[in-house]
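Enquirer: Using the sequences and the accompanying hints, generate a full structural model.
The residues making up each chain are set out below.
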Amino acid sequence: MMTAAWTYLVDRRRSLIAWAVGVIALVLVMAAFYPSIRETGADFDAYVDSLPESVRQTLGISGSSIASPEGYLMSQLYSNLYPMLLLILGISMGSWAIAGAEGDGTLEMTLAAPIKRASLAWGRLVAVAVATLAITALSTLALALISPPLDLLAGLPWWGVWSAAISMWALVLLYSAAAFAIGAATGRRTWAIAGAAALVVIGFLGQLFASLAEPLEYLRPTSPWYWFLGSSPLTSGPTLVSVGLPVGIAITIAAAGVWRFDRRDVGV
Amino acid sequence: MFATRVTSVADPRIEITGLTKDFAEVRALADVSLTVAPGEIYALLGANGAGKSTLMRCLLGYLTPTAGSAIALGGSSRDTAIRARMGYLPGDLRLPARSTVAEILSFRSRMQRKAARPAVDTSQLCQHLGIPVDRRFGTLSKGNRQKVGLVLALMASPDVLVLDEPTSGLDPLMQDSVLELVRQRRDSGAAVLLSTHILSEAAEVADRVGVLSRGRMVLQASLPSLLEQASQSVEFVLDNPLPADALADVEGLAKVEHSPQRVRVVVVGSTAEVMRRLAPFGIRRITTDAHELDEMFQQASGDAP
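Respectively, the protein sequence lines represent chains B and A. The first sequence lines up with residues 1 to 268 when you count with this note's numbering. The second sequence lines up with residues 1 to 305 when you count with this note's numbering.
Please note that a few of the clues may not be correct.
Just some of the chain A residues that point at chain B, by a computed CB distance under 8 Å [as the list claims (entries may be wrong)]:
id, residue
1, ASP92
2, MET111
3, GLN112
These are computed hints drawn from the structure, not numbers from a lab. We put the beta carbon where it would ideally sit given N, CA and C, even for glycine.
Expert: This is the structure:
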């Protein structure tokens, strides 16, 4: 299994380096904007205060000023492009792991080696988890290093960004595993990407609409986005809901995908 | 016209019994049976879509048979211990384009080690075949890609070798080289199942051949017996005129065209008797038509329901 994981990472080393550079650049640029936001904080806060509480919650700035480090990081980084970029990477890798390889014909020769289908599949999912975790960790390290002169982490516990990082990674792993499982079960990469992307959108919009419409409020805790954004990861630390639940579900659906992959025809 | 003859093998390395495979409404294979013994090359002939690749993919465990079984080395090739003793070259070889040949071989080598069937040192083979191991697979020519596939198939010193059109895309010199490697594997005791649509290739290496047509095995025979059944068209140019009845009652003679010093005959089986009768008239030149297997193949394929 580890050989399969390692090979999958080595095959993608160049694109993974490019992804790491891109994500780190995004984080650094967003961090660099913080001083100007902080200086005009009163204007931003006035605008944010005019928004409904539910929208503020959705944007991750409920209860804290956007000019504050927590408000800025949650609204401008963790609810925004940062998890989206990692989701694109995770879903892309997860969907390629079996379905992409099957579609481009390389799976046939990989399975010609003495390796069990399940070992190969789990190995490749481990590679997806390691790749997304490594890029999350590197970008978080970059954030932690650039923040002191910008006062971006002022007032937050030292472990705050790491707690947010692990919760965000759990969210990414969940959707990556969904793409992986759909691809492993069907052998169709298009279905894997479309299915996982649909789940991302339903989860995000679902929790948004649920927060806007009181009768639907009870649905909000069913969204993985709520598990992440609603758990105040910068100050509360990783929780069972923000990390344990998505990781557990990711493993469960991946196991279902592997089970099906082990029993179906390959390369039809 | 040709009877299907299933040769039973005492201890087959490959045993396919009543294999049937359906894809939705399409029956790709229908009740196909064959065996391949250790030290034997079995050539599977058939037009495109005849079911050759489907049969091989069932044997390799990629496809689950609808009915029947495809067994290698006494078990399922999904078993890694068995798979470690098998080599496979698919008809349409795809490998990670961005990986170097060395990385691809290294992955396979690690998997072989884990399955307690270490790979042989492939450096000599790569050198012999002229494979640039430091190049990325995606940048190789079609011929070089095919060679990499062949090295992967051979690197475990396999007891069962499954090759889907192994010389496809290779130049004639390299084709000979590849067929020699296949023969060497056979001579060291491996059972070889290869598919081809090049009849001369089958005639050159195979011990037995089977013809698939529309998913059915329509002809199965050893090569010598197949050649015995095959007709040969031979033209003789003679020094002296030949009497009209010189070839009367020669066994196996299907057709005679004859002018005083030139005779064209179509013979089923041996031409020895024809030559014996013509020898007194001075044989100056003999020209044979080498497409007799072609004819049989086409006839057998055409006879399929």
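Enquirer: Please go over all the hints and tell whether each is borne out by the structure.
Expert: Hints, one by one, checked against the model:
1. For A/ASP92, the shortest C-beta to C-beta distance to chain B is roughly 6 Å, which falls under 8 Å, so the interface hint holds.
2. Interface restraint check: A/MET111 against chain B, minimum CB-CB distance 4 Å, threshold 8 Å, status holds.
3. At its closest, the beta carbon of A/GLN112 sits 6 Å from a beta carbon of chain B; the interface hint therefore holds under the 8 Å criterion.
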